[in-house]
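Going line by line, the protein sequences match chains A and B. All the letters of the first sequence, read from the start, carry residue numbers 20 to 130 under this note's numbering. All the letters of the second sequence, read from the start, carry residue numbers 23 to 498 under this note's numbering.
Just so you know, these hints were derived from the structure itself, not from any lab. Don't be surprised by glycine CBs; every beta carbon is placed ideally from N, CA and C. Do not rely on the hints blindly, as some may be mistaken.
What the hints assert, rightly or not - Straight-line Cα separation of at most 30 Å, DSSO-like style, residue types lysine-lysine; simulated pairs:
| id | chain 1 | residue 1 | chain 2 | residue 2 |
| --- | --- | --- | --- | --- |
| 1 | B | 46 | B | 34 |
| 2 | B | 34 | A | 90 |
| 3 | B | 55 | A | 76 |
| 4 | B | 55 | B | 34 |
| 5 | A | 76 | A | 88 |
| 6 | A | 54 | A | 84 |
| 7 | A | 54 | A | 104 |
| 8 | B | 34 | A | 88 |
| 9 | A | 84 | A | 104 |
Unchecked claim - Footprint (simulated), chain B over chain A, 3 or more residues, beta carbon under 8 Å:
| id | region |
| --- | --- |
| 10 | 54-64 |
| 11 | 84-97 |
Unchecked claim - Okay, the calculated beta carbon distance ranges per label pair:
| id | chain 1 | residue 1 | chain 2 | residue 2 | range |
| --- | --- | --- | --- | --- | --- |
| 12 | B | 243 | A | 122 | 57 to 63 Å |
| 13 | B | 219 | A | 77 | 27 to 33 Å |
| 14 | A | 115 | B | 70 | 57 to 63 Å |
| 15 | A | 88 | B | 310 | 26 to 32 Å |
| 16 | A | 77 | B | 240 | 41 to 47 Å |
| 17 | A | 88 | B | 50 | 26 to 32 Å |
| 18 | A | 118 | B | 215 | 50 to 56 Å |
| 19 | B | 238 | A | 106 | 43 to 49 Å |
| 20 | A | 26 | B | 215 | 30 to 36 Å |
Here is how the chains run, residue by residue.
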Amino acid sequence: MARAKLETLTEQMYYVLLALTEPGHGYAVMERIEKQSRGRVQVGPGTLYTLLARFEKEGLTALVKEEDKRKVYRLTGQGWTVLRKEYGRLRRQAEDGAAILEGENHEKDGG
Amino acid sequence: MKKMAAETRERKRFWFYFDPADFKGVQDYLNEKAARGWELVSTCHLLTGEFVPTNRTELTYYVDLEPPREDEADRLAYLRLCEDAGWELVGTTNRMRIFKSLPCRHPVPVQTDGELEAGNFRRYTRRRLVESLLYLLLVLTLNLLPALATRGGDGMLRDLRDYVLHSWYTSWFLDACLIILPLLAAGLVLSGVNQIMTALWFRRSVRMRGMLPTPPWPLMLIHSGGSLLYLLFVLLIGASVAAEGLATGKMYAAYLWLAVWMGYLLLEAFVEVSGRSYSMDQKRAMLRCTAVLLVVLAGLVLLDWKGPWQDYSTAAWSSETDVVGAQWRREVSSQPVVQQEDFGWNRELFSADYQHGTSLFASWWICSEDVIGGGPLESRCYRCYTEEIARRVAEDLAAQAAQGSRYHLRSTYQLAPVELEGFDGSWYSVCQAEDGEVSSMLVLRQGKQVAMVTAPAELIEGNRLEIVCRELGFRR
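So here's chain B without its partners, still in its complex pose (with noise of 0.2 Å):
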């Protein structure tokens, strides 16, 4: 009767997603469904494992750990005893080795020495929390180098300083890096401390009862779904990178961040790092893993696919080399920019940039303008989410300007709080080149708006002010 239940029953595929911490509850995990007639015959496919209906009552399952270090040689060998004893191999899935007893077999337990198996699994740990650390590191620095790369500069070091305390709300990359690596960080620590912690239990137990306790089914989930978020965040990472280099116009970004990813992936599936080796069914699942990222990288490519970042748009005009400038100019004046026209000016432009993004905190256009022999015209306008993100941003910009960041200004000026009437905050100074010219700095702040003007003018002087304002979209 219950062979006929089971032959009636497909192939199915459960969650099979685990931190190897959690071996010894994967065991009961696998031994409760083969008592509900299900068997596993495959580990790998996509966080889920494959179970065939089985009219075996007979069938347990034993999960040991893969030993850090292990040749080929070895791996066969102990393979080909546990095989003597009754035990097969079904898979290796996240460093779990998971045996089934052989048809019509009762074998003795792989493991017989609960203080042996505890040993084990302190070697692994420390093992494991070295491997993860270097991972991070790994994962990191293959990360932020297209982000790095995408802005140049003249060191790795002072582009990620600048970067994290100058154009955080500017990047969705950066925003994505602000939010995920805490994060990040914070499940590596958990993840030590888990398997610390489960060390010691396991000492305390085995001295107790002679055997390794089964963590609760909740606490399984928990610590899967932790390292499976891991996994999310670090592409994520990847991918705000790769998007912001597609939208960027930047493609080469794109493109490393896909060649280190592939990389990374076809290193993990053929190579043995440190004597350790894949199942066959894990390589395939890697190799589906690389398809699949370059089919969806070749799709953003192709359909010019932009997501969050679709408003992001970068032009340049240079008096040189592009003689439809006028027409570009006229289309970057209906945004919340300054141009020399605003004022009435009419120098001899010779290049121009505008650029307008979002990121998680702000919306934000900026135009800049630089004419022969004269200082630059720059306007910068952040639309922030909330008024406290605007006041960061405020005094950002006027510490910078202090500073002279490259970033956003090419000069130094000392800006001292002014003050101007219907604003929360303004910061205004003048500077006086050597050769007589006179240019000043304006910065602005009201409600959930920010500006920033660098003019070769005095800012406060005249109508200029009320030009300003107007422009940017202040209310005066």
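Just chain A, same shape as in the assembly (with noise of 0.2 Å):
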């Protein structure tokens, strides 16, 4: 969903962000989001090609080039900052989830 400001990324925005850290077309990136989440989450063209537009937009990506009609996009300094933010707050959501459900876990196991 288009959020404020692209202050959080859904799930489909960041595996997007992410698979730009390395220049590439559309059909690629769709390809190494399938790879990076190892199956799990897939992207439409339709669904990128409205993300590669707004992140675009936002100056998170930058048109490289366009080879025979596919348009290459990289990530910007911006891009590379959300993107970081976004892992931030993933991680530090991992670690208090981490804290509390393997902890109870491992109090379980223990008991």
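Two chains, two frames, some hints: make the complex.
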């Protein structure tokens, strides 16, 4: 979903930015996402196209070149910042979850 | 076995005209057709889609809405991305892009974010509502201009007002407008409500289930039928204008109507409006529609076809230009109108005009004679289809007399009710000019018939009322 000023990202947004840490065209991004998420996340071409247009408008990605009607994008400095910020947020969420859920499991296991 | 069965079947056309708000339903419809062995190959064949037999078991469809703004380069780049991802564009119809999966591919759905898709639909809905209103204004303007042009006049708004208020029982065009325009407006309102409700429904469904819902098939048919009726209404208005233009001999109304519609179709066919482009299929279909329109109109002109207006005739005679006026006047005398001879007058005639026509509400005859140095003799006879219509026509004529409407009267008469035996309603007024000449106006209603007579004499004096009744067909 479109988020205000991209303060938080949806799962698909996050993976699109992650896939663009190396320049690539749309279909390459789709394949990378599937590979990086080990098949868990898939982004359709329509969704990807909408997200790429929005990221470009917000300055998170930039068009590198166009080859045979394929547009190649890369992450901009702002894009890297947003991606790292989101990664940090997700990591803190995961750590908080781990502290409670894995701790509980440990206590249960121990008990 | 399935292959052999498929090969024996031929190409078929199935209904394929849907409201874009039902794009998810269209996707299901196509997937059901694919499951039954039919593959869509073309989307634009006058409300149908062309299907061919297929043996592909993995064939699936995805229907997406065309973005409101998209330049050609972006469109091609997007289609390339879809092709890379395993989706081939079959065609674009009614703002819907129809994709089918490429052979031996099981592609990821085109849209994988329900909220994003619902948001796209909301944006599309907002834009379409604005476009619909602008389109309605365009249609009304294009169709009303030729109608008003046939009437002449000194102001479009005044023409329009007079036309609606005082000519509703004399014109097929106006009858069409009176019936069609409210329906058109209601259709637009319903369509707008439908789109807004669909947008809200999508948002609720996405929040609850994460995906867009599919509308039920009966609702889709109602929506598509509504859109189709809208199109037919628009064409009917134009056709009414054109036919009335043909029937009244005012050919330029028909030509103007033809020109504006051809212009509109060509505009749709070749010009990208707001970055919206059309598939070649659509462009070809629009050109075919234009050609058909041209042929039909040309046929009407060449065959002098007047349809339901065939008894509408007009004739004018002027003593200065036409020496066969006497013959013409003898022919008119058999009609329910009043002429000088009926009263035994023999004033020098300057010009005469006779019209006869029908509308949805009444058949009417009008005859007016101008004499040199005197007031006009004018009779209007309306044979209405119900007594209620007759009552309203009589009231309208009386009201116009007081206002001095330029369509019907040349001076103001303050009509007052008068008791005349045998009539359901009667009004009378006498007017004396500065030079002393007396003229009068009489409005009569009996059953379904209404008449208005203006004469340079007192009409209820002597045996003149008897003459009027005899000539116009009133019972006494």
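Quick rundown of the hints versus the structure:
Of the supplied pair hints, the one linking residue 46 of chain B and residue 34 of chain B holds, its CA atoms being roughly 23 Å apart against a limit of 30 Å. Proposed proximity of residue 34 of chain B and residue 90 of chain A is contradicted: the alpha carbons are some 39 Å apart, above 30 Å. For the hint pairing residue 55 of chain B with residue 76 of chain A, the CA-to-CA distance comes to about 40 Å; that exceeds 30 Å, so the pair is violated. At most 30 Å may separate the alpha-carbon atoms for a hinted pair to count; residue 55 of chain B and residue 34 of chain B meet this at roughly 12 Å.
Straight-line distance between C-alpha atoms of residue 76 of chain A and residue 88 of chain A comes to about 20 Å, which keeps the hinted pair within the 30 Å bound. A threshold of 30 Å between alpha carbons decides the hint, and for residue 54 of chain A with residue 84 of chain A the separation of about 24 Å falls inside it, so the pair holds. Taking the CA atoms of residue 54 of chain A and residue 104 of chain A, the gap is about 23 Å. The hint holds against a cut of 30 Å. Proximity of residue 34 of chain B to residue 88 of chain A is assessed by CA-CA distance (about 34 Å); at most 30 Å being required, the pair is judged violated.
Distance hint between residue 84 of chain A and residue 104 of chain A is fulfilled; the C-alpha atoms sit about 27 Å from each other, no more than 30 Å. Only residues whose beta carbon comes within less than 8 Å of a beta carbon in chain B count, and the region 54-64 of chain A has 4; three or more means the coverage holds. Three residues within the 8 Å Cβ limit are the bar, and the region 84-97 of chain A against chain B gives 5, so the coverage statement holds. Take residue 243 of chain B and residue 122 of chain A: their Cβ atoms lie about 59 Å apart, and the range 57 to 63 Å holds.
Between residue 219 of chain B and residue 77 of chain A the beta carbons are some 32 Å apart, a value that agrees with the proposed interval 27 to 33 Å. A beta carbon spacing of about 58 Å between residue 115 of chain A and residue 70 of chain B agrees with the range 57 to 63 Å that was offered as a hint. The given range of 26 to 32 Å is respected by residue 88 of chain A and residue 310 of chain B, whose C-beta atoms sit roughly 30 Å from each other. About 43 Å separates the C-beta atoms of residue 77 of chain A and residue 240 of chain B, a value consistent with the hinted range of 41 to 47 Å.
A C-beta distance of roughly 31 Å is found between residue 88 of chain A and residue 50 of chain B, which places it inside the suggested range of 26 to 32 Å. Taken as a hint, the range 50 to 56 Å holds for the pair residue 118 of chain A and residue 215 of chain B, whose Cβ atoms sit roughly 52 Å apart. About 44 Å separates the C-beta atoms of residue 238 of chain B and residue 106 of chain A, a value consistent with the hinted range of 43 to 49 Å. With their beta carbons about 35 Å apart, residue 26 of chain A and residue 215 of chain B fall inside the hinted range of 30 to 36 Å.
The structure is inconsistent with the numbered hints 2, 3, 8, although it conforms to all the rest.
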